[in-house]
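**Student:** These are the residues of each chain, in order.
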Amino acid sequence: MRGRAMVRRWVLAGGIFAMVAGIGVEPALACGGLVGPRGSVRLARTTTLAAYHDGVEHYVTSFEFNGAGTKFGSIVPLPGVPSKVEKGGAWTLQRLELAIQPPVLAPAAGFATADARKSAQVILKTRIDALDVTVIRGNGDAVAAWARQQGYGLSPDAPEIFDFYASRSPIFLATSFDASAIKARGQQQGDGTPLHLTIPTPSPWVPLRILGLGLRADQQVQADVFLLTDRVPTLLPAATSVDPYGTATGMAVIQSQPASSRLLTDLGGDRGMSWMPRSGMWLTALRINTTVARLHHDLAVDVSGKGRPSPVAAGLTWSGTQFASVAAAPPRVPAGHAAWYWLAGVLALGLSGALLSVGAARSRSRRSRQRDGTGGDGLGAGAA
Amino acid sequence: MRPRRRSPLVLLLALGVALAATLSVALAAWSWAQAQDPPRTRTVVITIHWSRFQPSEVRMTQGDTVRFVIHNTDPIDHEFILGDEQVQDAHEHGTQASHDGSVPGQVSIPAGQTRTTTYTFERPLSLAYACHLPGHYRYGMVGVVRVTASG
Chain A
10 MRGRAMVRRW VLAGGIFAMV AGIGVEPALA CGGLVGPRGS VRLARTTTLA AYHDGVEHYV
70 TSFEFNGAGT KFGSIVPLPG VPSKVEKGGA WTLQRLELAI QPPVLAPAAG FATADARKSA
130 QVILKTRIDA LDVTVIRGNG DAVAAWARQQ GYGLSPDAPE IFDFYASRSP IFLATSFDAS
190 AIKARGQQQG DGTPLHLTIP TPSPWVPLRI LGLGLRADQQ VQADVFLLTD RVPTLLPAAT
250 SVDPYGTATG MAVIQSQPAS SRLLTDLGGD RGMSWMPRSG MWLTALRINT TVARLHHDLA
310 VDVSGKGRPS PVAAGLTWSG TQFASVAAAP PRVPAGHAAW YWLAGVLALG LSGALLSVGA
370 ARSRSRRSRQ RDGTGGDGLG AGAA
Chain B
75 MRPRRRSPLV LLLALGVALA ATLSVALAAW SWAQAQDPPR TRTVVITIHW SRFQPSEVRM
135 TQGDTVRFVI HNTDPIDHEF ILGDEQVQDA HEHGTQASHD GSVPGQVSIP AGQTRTTTYT
195 FERPLSLAYA CHLPGHYRYG MVGVVRVTAS G
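For the record, the sequence lines run as chains A and B. For any residue, its number in the numbering used here is found by taking its place in the first sequence, counting from 1, and adding 9. For any residue, its number in the numbering used here is found by taking its place in the second sequence, counting from 1, and adding 74.
Since the hints were derived computationally from the structure, they do not count as laboratory data. Note that the structure is predicted; figures quoted are calculated from it, not measured. One should not assume that every hint holds.
From the structure, some residues in chain B lie toward chain A, with a derived Cβ separation under 8 Å [to be verified]:
| hint | residue |
| --- | --- |
| 1 | 124 |
| 2 | 125 |
| 3 | 148 |
| 4 | 149 |
| 5 | 150 |
| 6 | 209 |
| 7 | 210 |
| 8 | 212 |
| 9 | 213 |
| 10 | 215 |
Even glycine gets a Cβ: it sits at the ideal position worked out from N, Cα and C.
Taking the hints into account, I'd like the entire structure generated from these sequences.
**Tutor:** Printed below as a string of structure tokens:
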């Protein structure tokens, strides 16, 4: 019974904050997952907490901004349809960040070493502080078209990345931060608005590839990911052991240990976080440090004890079938080749005629031989 | 009266003669057609998907006039700019928002739509076709037309 409860009551908490290096002078879409109209405003940082309990995912996301534009937003792929969207807690994300401050990140004793053109459907729309929140369902093209209709520009990699996510879960969270509303509310640059989404889903995952949206292939993506689970999780792709700078996969485990009761108590005391267990959780902190070109996957986490994280959830089985189908389209026949095909056709026709002539000659010859060799048969006699 | 029997050798000879005659006639007809044909406009279909041109390389012969039919299957806008390095550089740093197709080899293709543009390759050289909307060229939206000398 206890084992079943452990399986059912697993909790995954993932916090991602992308600190994108190398943001140049064209920052229109230079932050992961960001869609913006003219690039005058960009997100300074996006922080996300995804937590699971009894098959329900709790997503807490906060948006901060800098710049002086009038409108910007972000798109986040979700593993399911949210049943509730509300304002997030006041300190959950900040407390989680404290868990991986530099003194904690340093390796130390006790750390583990370890429908193509259909329109997007608006599922939910609400406003939280100065943030307009919309949950939409649709394939990649539909979501992209919806974003454009809302006035957002999309980077050239958006069509592929949206398809990448929509092939697994066609649910996206779109936020639009109205700078004039921020001003009216007296909010300052750097202030964040946390969101808390409750998402029933049997198959959670942590989106990583979206962090590279709008970046060049050679640009770095750096993020910290937190996992809080009832068991030691199995990850896919597998992260390396203690290596704060990442290696082959660009992911490194920088912390893996039982979550302290103080951390869990702090998180559980925030608004909307009472579901958080106060003990028995395992904390895993991962550091993402890789290039956009290599970040072609998400993070699948298996806490069932079976040790089999889903390659589908990790985005590793997706190989761009649409692209392949286009590439496999029948090639155009150049005009120069068409002449040779025509010539080959004439030759084939001539050859067929010649073969028919030979066949007819042989047939006549055979009949003649029959007449010569069997002159007394009835047919021959009658014919004669 | 007994019919005369043809030997296999005669039949093979007849076959050979028939083939040679057919080949000669076909070659003559083809040569005549080549000599009589006026310059033709060829059609090349290019598909844009996930911000990539397919195909990314096209081979032409000097003197070819080509009608490019460009299908944009993406949910975002793209453009097709054909020209040498100078043209590409000008568009990469230019401010022209859209191209209505009045300039040969230059046309904007809205999301999910198809546009055409016609271009004559007068010299043997290599030209690029690219999209210069912000970030698209750098993302890899570029192809090449290799034009070889006629004859």
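**Student:** Please list, smallest to largest, the hint numbers that this structure does not respect.
**Tutor:** Hint check: nothing fails, all pass.
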